[in-house]
Amino acid sequence: MAFTPKKQAFNARINAVTLGTGDKSIVIGGENVLPFYTFDAPIENKPKIAIEISDKGLAGIVSPGLLKFYEGCETVVDMAKKAETMEGASAICLHFESADPNGDNTSVADCVAVAKAVAEAVSMPIIVMGCKNIEKDAELFSAISEALQGKNILVLSSREENYKTVGASAGLAYNQKVGAESAVDINLAKQLNVLLSQLGVPAQSVCMNVGSSAAGYGFEYLSSTLDRVKAAALAQSDAQLQMPIVTPISPETWGVKESMSPEEESPEWGPLDERGIEMEVCTASACLVGGSNLVIMKHPAAVATIAKFIDSLM
Amino acid sequence: MAKFITIGERISVTAPSIRKAFAERDPEPILLRCEQQLKAGANYIDVNIGPAESDGEEIMQWAVKLLQERFDNVPLALDTSNMKAIEAGIQVYNRSKGKPIVNSADAGDRFNRIELAANNEAIVIALCSANGIASDNDERMAHCQRMLEEGLMHGMEAEDLWFDPLFLVVKGMQDKQMEVLEAIRMFSEMGLNSTGGLSNNSNGMPKHIRPIFDSCMLAMAMMQGLTSAIVNPNDQRLMETVKTCDIIKNNNLYADSYLEI
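Taken in order, these protein sequences are the chains called A and B. Start counting the first sequence at 1; every next residue gets the next number (the numbering used here). Start counting the second sequence at 1; every next residue gets the next number (the numbering used here).
Derived from the structure by calculation, the hints contain no laboratory data. No residue lacks a Cβ here, since even glycine has one placed at the ideal position from N, Cα and C. Keep in mind that the hints are not guaranteed to be accurate.
To be verified - With a straight-line cut-off of 27 Å between C-alpha atoms, the simulated DSSO-like cross-links for lysine-lysine are:
| no. | chain 1 | residue 1 | chain 2 | residue 2 |
| --- | --- | --- | --- | --- |
| 1 | A | Lys6 | B | Lys3 |
| 2 | A | Lys68 | A | Lys308 |
| 3 | A | Lys6 | B | Lys65 |
Said to hold, decoys possible - Over 10 Å on every C-beta distance to chain A, these chain B residues come out as not near it, computed from the model:
| no. | residue |
| --- | --- |
| 4 | Lys3 |
| 5 | Ala40 |
| 6 | Arg70 |
| 7 | Glu87 |
| 8 | Ala88 |
| 9 | Asp175 |
| 10 | Gly191 |
| 11 | Lys207 |
| 12 | Arg210 |
| 13 | Gln236 |
| 14 | Ala255 |
Next up, chain A with everything else stripped away, as it sits in the complex (with noise of 0.2 Å):
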């Protein structure tokens, strides 16, 4: 007697969100399967790229692959033009780096005059994502939101200590997409969607940024998270679960020592610029498959590899 394998559709499904506008917006989560188990029900929606890109311009960048990837680019919005080329791209992220008051502390003018700009340039989704200080951050995805009020960008991210003034600016002021960030904390991903809803942030304006860290750095504990949180979204039919997730991988991947240590101090390492994407492929692959479904990147070597192993499995 032939085989015939059970299917393993959910009665649940992962919350549907839009990005953007118009023909280039795109729709992540939606599916009420595992990680592209297109066998158990089709997964309409494929996971998406986005690629990162600093508000520091070329600065500080060491690969040579992805310099040359922006040549002749003087600007961020030179960049972000580029970015858009690349083989894979959805989406871009524009990373505010400079704003961090530890660091260049850009004003939040300039960064807004930035992202006006880069928004005017581009048709691709935007994604905002801020400096990590907790304070900087709230103000500036508040006026950013503002500024770029009809784009439907996503802001990177509202955490347990600025949730109510980033939702309420970002989610309900100016009707942007809300990411609600945790550090590979279940519980707290569960609760910050909680109070964002009891806020009242519709959970479709929504995305889960449930942590993210590189191959090797404790990413075992960021993969069991993750399939924990589909496990309860679509087993459980948790609600409060059910929010697509974006992970960001670069910001990450080219932070760590085997991405950035000089050839001549690791030359049993092998190539910089290979080991690099060598990182962020890895990193980003294992997300993927534990239920990413936005993938945020930097290399096109990286981003090419990803989107291909996107399309294979689908």
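Put chain B on the given structure of chain A with help from the hints.
Quick look at chain B alone, frame taken from chain A:
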């Protein structure tokens, strides 16, 4: 595991205001109690119209439509000894939020309610007693087995028979309490769903004591594998116990606001 299912018991002719509302077809008291129970987190709402021998069909249809239209097709348990009234209620019942529950069959005079549920693709509460309370768990499980077979024979899924061990009053039957809990364990080990009128256990106790007994009994019954209960969802202590036990049993993921959702 799935979350525990609560069936709100407060729309019942045992309450004089509700009996009057059914008799006069006065929607307000019924809608109010339904809303209170749903707000408190009830999953199903029991509609107990009493024996309603003369006009049961009409009353049940009126009540089902009234509640489902107002409360987004809230799933209901149809509670009456009048079989025709149950069937009439199912005719107008919208299943989008869950199958109707037939409340209830037993292994005695109400044995044919199982077939009724099967014919109407409903869930049935199967009370493990025949004529009078089962004398021990051998008898309880014999009733359970017989009703299960009856359901399966008529094409039901086992999961649609919710077995009721019959909660017994502590004041008078204190020595039988552990037996009831053991019966729940046996249902659970057979992979069967279960339910019951929880507050029977605290019958006759002072008002301030009842929630304490109901909550403790519920926690112990959930430990044994009880999957549902007919309860007063507006008993805050009880609902907090349900939600907390669901967390401890890993039926639901903990978050600091778990009591609010």
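* Glu87 (chain B) remote from chain A - nearest C-beta pair above 10 Å -> holds, 28 Å
* Is the hinted pair Lys6 (chain A) and Lys65 (chain B) satisfied, with a Cα-Cα distance of at most 27 Å? -> This hinted pair is violated, its Cα atoms lying about 37 Å apart.
* Does the claim that Arg210 (chain B) lies outside the interface with chain A hold up, using a Cβ gap greater than 10 Å? -> holds, 31 Å
* Status of Asp175 (chain B), Cβ more than 10 Å from any chain A Cβ -> holds, 38 Å
* Asked: Once the closest CB in chain A is found, is it more than 10 Å from Ala255 (chain B)?
  -> Ala255 (chain B) not clear of chain A: closest Cβ-Cβ about 4 Å, inside 10 Å.
* Asked: Would the least Cβ to Cβ distance between Gln236 (chain B) and chain A come out above 10 Å?
  -> Non-interface label stands for Gln236 (chain B): nearest chain A Cβ at 19 Å, farther than 10 Å.
* Assess, step by step, whether the Cα of Lys68 (chain A) is no farther than 27 Å from the Cα of Lys308 (chain A), and give holds or violated. => Roughly 22 Å separates the two Cα atoms, so the pair holds.
* **Consistency of the no-contact label for Arg70 (chain B), given chain A and a CB cut of 10 Å** => Given a closest Cβ separation of 22 Å, the condition holds.
* Does Gly191 (chain B) sit more than 10 Å from chain A, CB to CB? -> Gly191 (chain B) clear of chain A: closest Cβ-Cβ about 17 Å, beyond 10 Å.
* Beyond 10 Å from chain A, beta-carbon-wise, is Lys207 (chain B)? -> holds, 33 Å
* Going straight from one Cα to the other, do Lys6 (chain A) and Lys3 (chain B) come out at no more than 27 Å? -> Roughly 23 Å between the alpha carbons, so the hint for Lys6 (chain A) and Lys3 (chain B) holds.
* **Verdict on Lys3 (chain B) as a residue remote from chain A, using beta-carbon distances over 10 Å** => Its Cβ does come within 10 Å of chain A, the nearest being 7 Å, so this is violated.
In summary, the structure is inconsistent with hints 3, 4, 14 from the numbered list given earlier, while agreeing with the others.
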